[in-house]
Structures are given as structure tokens and as C-alpha cells.
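Participant: Sequence:
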Amino acid sequence: MQENSFKRAETHRPTVIEVSGEPQGVVVPADGGFRFLAVKLPAFVVDGQHFPTIELAHQAVRDAVQSGPQL
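For the sequence shown, the positions run 1 to 71 when this note's numbering is used.
Please note that the accuracy of each hint is not assured.
Pairwise CB distance ranges, derived in the manner of DEER restraints [what the hints assert, rightly or not]:
id: 1; residue 1: SER67; residue 2: HIS12; range: 29 to 37 Å
id: 2; residue 1: SER67; residue 2: VAL39; range: 16 to 24 Å
id: 3; residue 1: PRO29; residue 2: GLN59; range: 15 to 23 Å
FYI, nobody ran anything at the bench for these hints, they're computed from the structure.
All values derive from a computational prediction rather than experimental measurement.
Even for Gly, the Cβ is constructed at its ideal location relative to N, Cα and C.
Make the full structure from the sequences, and use the hints.
Facilitator: Structure follows, in C-alpha cells:
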């Protein structure tokens, strides 16, 4: 029984989203897709948004960071 809960926990681990080697936040499984949680100011424009795939979340974060003001 412990093995099942361990495997389930692995699938719910956050995935870090980086842009140019700099962590911007994480995506966590939510509602059949992934929700982005920002940790850096340039990525907050995408904070809380839901994406069907991690790749689409990464693309949205990258676009937001690259189009925002460079601090």
C-alpha cells in the first residue's frame, strides 16, 4: 500500500520552468493539465494560469519573460 502512495506522490511533483537557465516558477498537475506558479517577478503575468501541457506553460512563461522589462 505504501508503494502505491509513493508512486502517486511522484506524479504530483512540481516541474521547474526555467528561461535562459533562470528558474521562473513551477507547474503542478491540476484539473487534467498544469497550473503555473511564479517565483520570479517577470513570470508573474502568467501566475495561476492553467495549461494542457508543460510545454505550453514553458512557452507562455518564456514569452512573458522575454517580452517584459529586463530587470
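Participant: For every hint, state whether the structure bears it out.
Facilitator: Going through the hints against the structure:
{"no.": "1", "hint": "SER67 with HIS12: 29 to 37 Å", "result": "holds (31 Å)"}
{"no.": "2", "hint": "SER67 with VAL39: 16 to 24 Å", "result": "holds (19 Å)"}
{"no.": "3", "hint": "PRO29 with GLN59: 15 to 23 Å", "result": "holds (18 Å)"}
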